[in-house]
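A.B. asks: Join the two chains, each given in its own frame, into one complex according to the hints.
The chain contents come next:
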Amino acid sequence: KAGVTQTPRYLIKTRGQQVTLSCSPISGHRSVSWYQQTPGQGLQFLFEYFSETQRNKGNFPGRFSGRQFSNSRSEMNVSTLELGDSALYLCASSLSGGAPYEQYFGPGTRLTVT
Amino acid sequence: DQQVKQNSPSLSVQEGRISILNCDYTNSMFDYFLWYKKYPAEGPTFLISISSIKDKNEDGRFTVFLNKSAKHLSLHIVPSQPGDSAVYFCAASARNKLVFGAGTILRVKS
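Those sequence lines, one after another, are chains A and B.
In terms of my numbering, the first sequence has 86 at position 86, counting the first letter as 1, and numbering is strictly consecutive.
In terms of my numbering, the second sequence has 13 at position 13, counting the first letter as 1, and numbering is strictly consecutive.
In short, the hints are calculated from the structure, not lab data.
Careful: at least some of the hints might be erroneous.
Only pairs whose alpha carbons sit at most 30 Å apart, straight line, appear in this in silico DSSO-like list of lysine-lysine [stated by the list, open to error]:
id	chain 1	residue 1	chain 2	residue 2
1	B	Lys54	A	Lys57
2	B	Lys71	B	Lys54
3	B	Lys109	A	Lys57
4	B	Lys71	A	Lys13
5	A	Lys13	B	Lys68
6	B	Lys68	B	Lys97
7	B	Lys5	B	Lys54
8	B	Lys97	A	Lys57
9	B	Lys97	B	Lys56
One chain only, chain B, in its complex shape (with noise of 0.2 Å):
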């Protein structure tokens, strides 16, 4: 049963361009929401959260959007550059556990 969902694989995007990645769940109880980056070799890195009171929220570049009647979120990249190419994770938590979507593979080409 997978909570939380990552519906694309990939995603390609041209450099300067915005990039969209989407992220739905099931689970009513998350009430905090969080998107990771992972490049190779490496531990995925916390990019930016979101309190399931809040509908947006903006770290530089980043935007997260949180649609609570339509169980959705999405990470906005404004604009995109090539060293943000990775796989981009979204992850719900409800007490205390956090459940992890399959990941994006997103690829800005310059």
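For reference, chain A alone in the conformation it holds in the complex (with noise of 0.2 Å):
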């Protein structure tokens, strides 16, 4: 079965752009979350779609957003970029989000903001 893809894998882009990541989960897998990488913090969640509607949020701005679509591949945007951007954002997907809450990440894509 293949994993969870995140395309693309590494992005640069400059203060004030937006950009949009996609995230394929494994196939049967209905829940998809995101989260932020950076050093010293660990991985901070971002939201969770569940069956194309955003089931759970984190304490990010409202510059971050996403969307599920009907074969459960998602979307995460970022608008206005800011240099405090830049980091890992990693996609991960379950059966159904429900404990027993086994995620599978993918290898995340790499942006860098100047």
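C.D. replies: Take a look at the structure:
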């Protein structure tokens, strides 16, 4: 079974621009979560989508948004990029999101904002 | 407000010895705890988990202990191998939301 895939793997953007990241979950998985990883901060939860609906949301500003399509693929958008948005963005999928809450992560998209 | 804390940023262990990674949490509503391992340039990989109704779960060389009264969990790796060198994240779940610690870098020296 193919794992979670994320595109692109690397991205360089300029302050003020916007960016869209894509995530394809494991086949059959309906829950997709997004995380931001920065040095020393661990993984910060952005949001979770289940059956095309945002089910959970972390404490990030409204510049961060996402959506999920009927095939469970998900996109994350960041508008008006700031230098502090430079991070590794990870997507994770799970069957339903409920316990046992074992998520499977993609390799991440490394975003650099200059 | 860090609900899940891994107070040791790094740990160095000799090959064949035991590695003990620690994690503390503050939210008593957490009902499920997990450990993930992460290699550079890869996403985290699920390692082992434990429900809040148990105090120990074992899987091969990996054992997770949960002390609910102390709000503390630990991951024991015995024996440690050089391939175990990675960043280890503990995570806690409540209401379908996972909260991760900042991670501990484990270096196993041969």
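A.B. asks: Please go over all the hints and tell whether each is borne out by the structure.
C.D. replies: Hints, one by one, checked against the model:
{"no.": "1", "hint": "B:Lys54 with A:Lys57", "in the structure": "29 Å, holds"}
{"no.": "2", "hint": "B:Lys71 with B:Lys54", "in the structure": "13 Å, holds"}
{"no.": "3", "hint": "B:Lys109 with A:Lys57", "in the structure": "40 Å, violated"}
{"no.": "4", "hint": "B:Lys71 with A:Lys13", "in the structure": "41 Å, violated"}
{"no.": "5", "hint": "A:Lys13 with B:Lys68", "in the structure": "45 Å, violated"}
{"no.": "6", "hint": "B:Lys68 with B:Lys97", "in the structure": "19 Å, holds"}
{"no.": "7", "hint": "B:Lys5 with B:Lys54", "in the structure": "21 Å, holds"}
{"no.": "8", "hint": "B:Lys97 with A:Lys57", "in the structure": "9 Å, holds"}
{"no.": "9", "hint": "B:Lys97 with B:Lys56", "in the structure": "22 Å, holds"}
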